[in-house]
Amino acid sequence: MESYALLFGSTLSAGTVLALAALGLLINEKAGIINLGAEGMMLCAAIAGFAAVVHTGNTWAGFGAGMAVGALLAGLFGLLVIWLNTNQQATGLALTLFGAGFSAFAGLGYVQAKLPELPKYAIPGLADIPLLGPALFRHHPLVYIVVLLAIAMVWFLYRSRAGLVLRAVGESPESAHALGYNVRGIRLAAVMFGGAMCGLAGAFISTVYTPLWVEGMVAGRGWIALALTTFATWRPARILLGAYLFGGVTMLQFHLQASGVQLASQLLSMLPYVATIVVLVLISRNPAWIRANMPASLGKPFHPGS
Amino acid sequence: MTNLHKRSLLKAAALSAVALAALVACGKKEEAAAPAAAPAPEAAAAAEPLKIGFMYVSPVGDGGWTFQHEKARQALQAEFAGKIETSLVESVPEGPDAERVLRDMVGQGNKLVFATSFGYMEPVQKVAAEAKDVKFEHATGYKTADNVRTYDARTYEGAYLAGIIAGGMSKSGQIGVVASVPIPEVLRNINSYVLGAQSVNPKITARVVWVNEWFSPPKESEAATTLINGGADVLYQNTNSPAVLKTAQERGVRAFGKDSDMSAYAPKAHLASAEINWLPYYRKITQDTLAGTWSTGQDWWGVKEGAMDLVSIADDVPQELKDKVAAAKAGLKDGSFHIWKGPLKDNTGKQLLAEGANGDHAFLSGINFYVAGIDGTVPGANK
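The listed protein sequences correspond, in order, to chains S and Z.
Just so we're aligned, residue 2 is where the first sequence starts under the numbering used here, counting upward by one.
Just so we're aligned, residue -14 is where the second sequence starts under the numbering used here, counting upward by one.
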């Protein structure tokens, strides 16, 4: 029983990485821009965050550095695709390739660098409850913050005026432009927010989740986050759910192996992907579910005045 | 019109030249061997230094496999200063790129080439057939030719020595391994680690979690977390990053470094590192080549040849265990001790080696079982 509580606890951490990046990419895509550079931004932010913690000793400084680097790279990407109208997919892929190479280069001096040890997180009182304590109340603060963030995002997108404008920009940039909104500016802001969130996820990996720096350590989580936005049909709450599902199935796979369940580990490795297909099939039974939330002009360039 | 054409042609040529120069500059780091100061008359009269090329599969900053090769290359360069000139190309993918880089190394005048990854096997065979005057050294492969040798390290000896410490240090009696890909080399290491632990504590049990990847730090730490949640308190890994060690430190259990000395990553958790040292082999091959006695062959070096060692043993490991490690090491050195000797049974009770029999090379290359004491079944193994 206790090992299941621990399994649940590690699922929350594993899901947090994915949820952070995917929530950022959601805002980005709601504005009509698809950024395939998530993996590259996360890698650059991972080394930036790691380096910042090595020099300052403060994890939050690392998060700040990661968010800054993520936002900066996303800003660059935004200038290219929004003003110069370069192809979004190609530019995003280029950003991923650039990020993988650049982070390796920037990280050369940090390969064996030491991080200060993390404090033990525990919410006083609650952390000592048997079973519930280890499962729910002994996590890094970011694990809770991401839940609050998802709630805030639901409110922002569906209850606030700014969220309405953002969605308008992603659905029909021409109409938003005609109404006098600065479509390019809003899109750039959304892309930079997405970059900052991917940056936070990257810094979380290298400073808290797997506190070390080695080249390529994000290991595909940027791509999973991108897939999650579609999987969740562009809904923040479903992104949170999907992130825990993905994180959880991976952990469950290892858990079953370690508890000696006689199942081929390769078979277990497939589980997260099988889960994705099952959910996508279920959703696709009603195509309106996907279309209802997908930003209509996702990935399409916008030329004002044409 | 013609003028315009000529100009754009020139422009294109200039651009590609710049791009080429940039590529070459990025992909390669050359190191001049001899000091640039006025050469002594003898040196000037002596033959040109032997050019040696190294081809790596990952960046030298990977902290493990390639990092160790690079350390040996630097030591070699220092030892043979003036007589050799080494260069390296890092992050060469296994495939067509490897062939191109090898050809380029031959074209640059390298007479000895070290290709340090299994997947370079076919490219090495191909280029070696064309460049008969160049000697090729291929790490972890099995195909040789008149001018191609293969070499490898007995990493399982390091795993066994680590196991001795694991067996003595585990309080729960349960140890764990984060494993990469189920191939004989990895299974040999896992089993050796457990055999080492059982040599100290026969009751020890072990669990294995497969990541099915060589390198994925987040997954490696998730796998380690699972083993710790299940009660394992000393971890070994056959993956390529220090993530397992780092996770062990966060969770207050112990673990080992592999391939390189990883004590710096997690000083509190680190028990020892099973380190590969390529220098003795590189030294011998360089001497042979310089003396003109190089010949083809297959080498598998371990503790005996100084290619494997257990380093940076933690201070809190009792002297008694350190002595046991030293005794096993001495036995491996003089050949009196065999890790793989009968009687040996797998975890289903099947007899693998009869009383008194030693596992030969064929046995070691075909390991696809867990020894008694490991829970579970080998993924994909025939039952």
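Everything labelled a hint here was simulated from the structure, so no lab data went into it.
The beta carbon of each residue, even a glycine, is placed where N, CA and C say it ideally should be.
Where hints are given, some of them may not hold.
Heads up, incomplete: computed chain Z residues facing chain S, CB under 8 Å, no partners named [to be verified]:
hint: 1; residue: Val91
hint: 2; residue: Gly94
hint: 3; residue: Val194
hint: 4; residue: Trp195
hint: 5; residue: Phe200
hint: 6; residue: Thr210
hint: 7; residue: Gly215
hint: 8; residue: Ser226
hint: 9; residue: Ala228
hint: 10; residue: Lys269
hint: 11; residue: Thr274
hint: 12; residue: Ala276
hint: 13; residue: Gly282
hint: 14; residue: Asp331
hint: 15; residue: Lys335
Pulled from the structure, derived: some chain Z residues nowhere near chain S, Cβ distances all over 10 Å [as the list claims (entries may be wrong)]:
hint: 16; residue: Asp137
hint: 17; residue: Val193
hint: 18; residue: Pro203
hint: 19; residue: Glu205
hint: 20; residue: Glu207
hint: 21; residue: Leu212
hint: 22; residue: Thr232
hint: 23; residue: Pro252
hint: 24; residue: Thr281
hint: 25; residue: Asp284
hint: 26; residue: Ala315
hint: 27; residue: Asp360
Hint-by-hint comparison with the structure:
1. Val91: violated (27 Å)
2. Gly94: violated (28 Å)
3. Val194: holds (5 Å)
4. Trp195: Check passed: Cβ of Trp195/Z comes within 4 Å of chain S, closer than 8 Å.
5. Phe200: holds (7 Å)
6. Thr210: holds (5 Å)
7. Gly215: Hint holds; Gly215/Z Cβ to chain S Cβ min 4 Å, cut 8 Å.
8. Ser226: holds (5 Å)
9. Ala228: holds (5 Å)
10. Lys269: Violated, because the Cβ-Cβ distance from Lys269/Z to chain S comes to roughly 29 Å (cut-off 8 Å).
11. Thr274: Violated: closest Cβ of chain S sits about 31 Å from Thr274/Z, beyond 8 Å.
12. Ala276: violated (37 Å)
13. Gly282: With a closest approach of 34 Å, the Gly282/Z hint is violated.
14. Asp331: violated (15 Å)
15. Lys335: Constraint on Lys335/Z not satisfied, violated at 17 Å.
16. Asp137: The claim stands: Asp137/Z keeps its Cβ more than 10 Å from every Cβ of chain S (closest is about 24 Å).
17. Val193: The claim is violated: Val193/Z sits with its nearest Cβ about 8 Å from chain S, within 10 Å.
18. Pro203: violated (5 Å)
19. Glu205: The assertion about Glu205/Z is violated, with a minimum of 8 Å to chain S.
20. Glu207: violated (6 Å)
21. Leu212: At about 5 Å from chain S, Leu212/Z fails to clear the 10 Å cut-off, so the statement is violated.
22. Thr232: violated (7 Å)
23. Pro252: Given that some Cβ of chain S is not farther than 10 Å from that of Pro252/Z, nearest at about 8 Å, it is violated.
24. Thr281: holds (35 Å)
25. Asp284: Fine: 29 Å to the nearest Cβ keeps Asp284/Z off the interface.
26. Ala315: Check passes; 31 Å lies beyond 10 Å.
27. Asp360: Given a closest Cβ separation of 4 Å, the condition is violated.
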